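Just so you know, the sequences run in chain order A and B. Taking my numbering, the leading residue of the first sequence gets -6, the next gets one more, and so forth. Taking my numbering, the leading residue of the second sequence gets -6, the next gets one more, and so forth.
Since the hints were derived computationally from the structure, they do not count as laboratory data. Remember, it's a predicted structure, so these values are computed and weren't measured experimentally. Among the clues, some could well be false.
As the list makes no split between identical chains, a pair holds if one copy fits it or if it spans any two.
Said to hold, decoys possible - Capping the alpha-carbon separation at 20 Å, the derived lysine to any residue pairs in SDA-like fashion look like this:
1) K476 <-> P31
2) K61 <-> D199
3) K476 <-> T501
4) K317 <-> A472
Protein chains: 2
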Amino acid sequence: MSSPKENPVILAEQVQTTLAILEPLTRKVFLSLTAPSPLDNRADVDQVRQMLERSCDFVKVPLALMRKIPGICREAHWQVTAILAESNNGWDLIDIEPGDTTQKQFGLAIDIGTTTVVVYLVDLCNGKVLSHAADYNDQIILGEDILNRIRHAAEPGGLARLQNAVVETLNRLINRLCPLPRDAEKITAAAIGANTTMIHLLLGLDPASICRAPYTPIVNNPGLIPAGEIGLDIHPLAPVYCLPSIGSYLGGDVIGGILVSGMHKQPDVSLFVDIGTNGEIVMGNEEWLVACAGAAGPALEGGVTSFGMRAEPGAVDHVSIDPKTGQVHYTTVADMPARGICGSGLVDTLAELFLDGIIDRNAHFQKGREEYVVVPAQETASGEDIVVTQIDINNFMATKGAVNAATDLLMENVGCAWQEMKHFYAAGAFGQYLPIESAITIGLYPDLPRSAIVRLGNSSGEAARQVLLSRPKRLEAEAIAAKVTYFELNANNAFMEKFSGSKFLPHTDLARYPSVKRR
Amino acid sequence: MSSPKENPVILAEQVQTTLAILEPLTRKVFLSLTAPSPLDNRADVDQVRQMLERSCDFVKVPLALMRKIPGICREAHWQVTAILAESNNGWDLIDIEPGDTTQKQFGLAIDIGTTTVVVYLVDLCNGKVLSHAADYNDQIILGEDILNRIRHAAEPGGLARLQNAVVETLNRLINRLCPLPRDAEKITAAAIGANTTMIHLLLGLDPASICRAPYTPIVNNPGLIPAGEIGLDIHPLAPVYCLPSIGSYLGGDVIGGILVSGMHKQPDVSLFVDIGTNGEIVMGNEEWLVACAGAAGPALEGGVTSFGMRAEPGAVDHVSIDPKTGQVHYTTVADMPARGICGSGLVDTLAELFLDGIIDRNAHFQKGREEYVVVPAQETASGEDIVVTQIDINNFMATKGAVNAATDLLMENVGCAWQEMKHFYAAGAFGQYLPIESAITIGLYPDLPRSAIVRLGNSSGEAARQVLLSRPKRLEAEAIAAKVTYFELNANNAFMEKFSGSKFLPHTDLARYPSVKRR
Chain A
-6 MSSPKENPVI
4 LAEQVQTTLA
14 ILEPLTRKVF
24 LSLTAPSPLD
34 NRADVDQVRQ
44 MLERSCDFVK
54 VPLALMRKIP
64 GICREAHWQV
74 TAILAESNNG
84 WDLIDIEPGD
94 TTQKQFGLAI
104 DIGTTTVVVY
114 LVDLCNGKVL
124 SHAADYNDQI
134 ILGEDILNRI
144 RHAAEPGGLA
154 RLQNAVVETL
164 NRLINRLCPL
174 PRDAEKITAA
184 AIGANTTMIH
194 LLLGLDPASI
204 CRAPYTPIVN
214 NPGLIPAGEI
224 GLDIHPLAPV
234 YCLPSIGSYL
244 GGDVIGGILV
254 SGMHKQPDVS
264 LFVDIGTNGE
274 IVMGNEEWLV
284 ACAGAAGPAL
294 EGGVTSFGMR
304 AEPGAVDHVS
314 IDPKTGQVHY
324 TTVADMPARG
334 ICGSGLVDTL
344 AELFLDGIID
354 RNAHFQKGRE
364 EYVVVPAQET
374 ASGEDIVVTQ
384 IDINNFMATK
394 GAVNAATDLL
404 MENVGCAWQE
414 MKHFYAAGAF
424 GQYLPIESAI
434 TIGLYPDLPR
444 SAIVRLGNSS
454 GEAARQVLLS
464 RPKRLEAEAI
474 AAKVTYFELN
484 ANNAFMEKFS
494 GSKFLPHTDL
504 ARYPSVKRR
Chain B
-6 MSSPKENPVI
4 LAEQVQTTLA
14 ILEPLTRKVF
24 LSLTAPSPLD
34 NRADVDQVRQ
44 MLERSCDFVK
54 VPLALMRKIP
64 GICREAHWQV
74 TAILAESNNG
84 WDLIDIEPGD
94 TTQKQFGLAI
104 DIGTTTVVVY
114 LVDLCNGKVL
124 SHAADYNDQI
134 ILGEDILNRI
144 RHAAEPGGLA
154 RLQNAVVETL
164 NRLINRLCPL
174 PRDAEKITAA
184 AIGANTTMIH
194 LLLGLDPASI
204 CRAPYTPIVN
214 NPGLIPAGEI
224 GLDIHPLAPV
234 YCLPSIGSYL
244 GGDVIGGILV
254 SGMHKQPDVS
264 LFVDIGTNGE
274 IVMGNEEWLV
284 ACAGAAGPAL
294 EGGVTSFGMR
304 AEPGAVDHVS
314 IDPKTGQVHY
324 TTVADMPARG
334 ICGSGLVDTL
344 AELFLDGIID
354 RNAHFQKGRE
364 EYVVVPAQET
374 ASGEDIVVTQ
384 IDINNFMATK
394 GAVNAATDLL
404 MENVGCAWQE
414 MKHFYAAGAF
424 GQYLPIESAI
434 TIGLYPDLPR
444 SAIVRLGNSS
454 GEAARQVLLS
464 RPKRLEAEAI
474 AAKVTYFELN
484 ANNAFMEKFS
494 GSKFLPHTDL
504 ARYPSVKRR
């Protein structure tokens, strides 16, 4: 819950996998052609295609490039670089450049969150992230959450406004990474991780059916789309690949998370959790994958708590309470005077309140207390106490309860016990900033050996980077999408039962939290 | 040389081959889809693609169609017809229609001549020509022949003007075949036979290099181009296939002629000749093919002879001279009063003049005669004598001489004797309207058994129909293009020698014309 402008979300170092073989969406091929002569009077375009087809099958040359090839070839003394994009089962020539430019190949890995958009500039020659930029999704002003955006899309002109908003956000970030349009034109590929609604809005597809039974999106796997058709300010023929989704509530961001975690290739059972405005839970191993999703509530996004805020300067991000003195120790983002509490600060606070017995296992304040002062008025920016109230705690417990209930239900349905869960993957901001021990204390993370808990960081962005760079990874993502069984929570009465029973700290069944029990 | 407006060039019945298997450039697939339900909540686009991929590999759905699919599917109660176009090694979905429309599939076979353009409307379900329309190429006013058009293309705005002219000609003909735009939109594929310059001008490719050493076109095989990029008023995503050319002077029209003749599949050696404003000669069999080309002069196109005209009403099209009385018998197109002489009338006249000894073997009038009255003043529309002059005869002899010289040179170079020539294919108007016996008498056609002489009619249009309908035929055309060895006449001194020696009737070597010798 970092402020994207101040402290952009970056790919967690530990998960930025080095790919064995780079097979990006676009490839460059240097061609040393022969000037036409009476002995070799092949047509220019034919010669280019013949040279390319030595290494690439089925190369298509669009008309616009036929017009461009003769000039470039002569100007560059027949030393040119062709840029090819994957298409159907072959390749499309998307551009031709003078000289040998094969060492300059750039692509974008994009994570479009409902709240935050991150764009990574990737060197397609070595797979490295060269720079990144992040910002809030401009769609926020048209609708805070997914449901409101779908509603807005149904208004006259609404879909176009939402599409423009996200395209403008992306173009602003692209412009920040490549201020010169001629540099941005050199970006020849992009891959996107996002939830299903975000992809629909980006592509200008009506999202109405997403939130209406039987909840079918228009498309789960849009394939490759030329950037120009979307309106991205990169090479207009650059192919844009969206990580495939599974349905209305399980998007490419989650498929990307699974891909990055590797849980789909392990014999052991893993649990994958991503909590943002929505929560998604995936469980499984190399043989099976089940998933569920639902509105998690914005408890962790700083939207509901009285003093909740994003992790911008002045946000309380770490809290501890001295068990002897009751003294609160806290830190703030950028060491600025406290203005509010962000998600990690809230999780810390709740964990400390629980461990110190200030709230009980039902998450209620003891002794009729109504709130807890985290930062006293004299230390805050506003001169007011920064507090956590019982209502704040209840809101948080609803989110936690939903996650616990959904997890329990998935386990029950696949007949899998907690003891079999060998890895826990925490994705998104939920997996990047939350303090592990506190998250376990209040039952948000499971009480597994700490080495089994992996925080994936921005796995949606990292997955976008991987599929941008690797055809096998794209096929892997599509295979994951085909493999996941979606489990509908809303249609399930058992969920509400579990949900009501999950509002304990850390969990209804304390035996599952031995390390917390000890403390 | 029929007037295209009055009497359109049609495909010669004998060569309108029935293709064993129809594999048109576009195919329709009827889909009986399933309305989404909780049990099958696949995304609309994914379901369409999955259904299509049961019968077609690698189906790409463009963004515009993703937007269209949900509405059409619901409106048509999930009974829809998909239209797929070949692309790279897969298929592009180019449209979707409500209901089962698989029995309505239309394409265009197009012959773009320097002078005349013919469009055939083809039923893709059975391969039949439903109707056709022909007209002069609007480019004529920008330049009478190829060289003048290439010059015009070099002027500012010239290329665009030439492109517009031919596109407008085509659209006018399309409009004549399908007056309603919504019907024209149902035309989902087109194939074109044309010379290399015509293809360049149609595609807006600069033809400058075609007439400049080393005479390399920009492209010989443009592949599939969406009709909308060319500006044709049919379905904008309809793939347009141009018969491949071999070089600047051997176009797709000639490759098409070879394809239609079948000479490339026979063990015997054949000779293929197409004479229009340019002349092309191909010789060969299943193992080898050699070809040459050059300006033939417009002798047969009615452009040079004093009273030359196209085969419009009033053109003298057949002539005989009674050897006893010297009386001329003639017919005119549409039985109108004579206005001039078209190509077939000229060939008849020359043959009769030669057989009656009015001109000698050198094609000179005997006894100081300067001209011959074909139609006396009192029978003509203008009240003037219609005559053939010595200059007219000389012009014709230049064309005939060039054809004979080129043929001889080809034979000499491949070490092939006249006796080995088992088939003669006459293509284009040259092969459709000329009277066979007269053409042999004056040495324009070889003196072979009459059964060995095949007039291919508009083989360029027929070849376009075949490649429109059949993928194997497209591959066959491309294999022919790869196989032909082009023989450069202009660079060859021997040609001029042969040329000078060929100006005899019917040929320098009378032994080659036994049937004429007998007469």
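Results for each hint:
no., hint, in the structure
1, K476 <-> P31, "between (58 Å within a copy, 18 Å between copies)"
2, K61 <-> D199, "between (37 Å within a copy, 10 Å between copies)"
3, K476 <-> T501, "neither (32 Å within a copy, 80 Å between copies)"
4, K317 <-> A472, "neither (54 Å within a copy, 90 Å between copies)"
In summary, the numbered hints that this structure violates are 3, 4.
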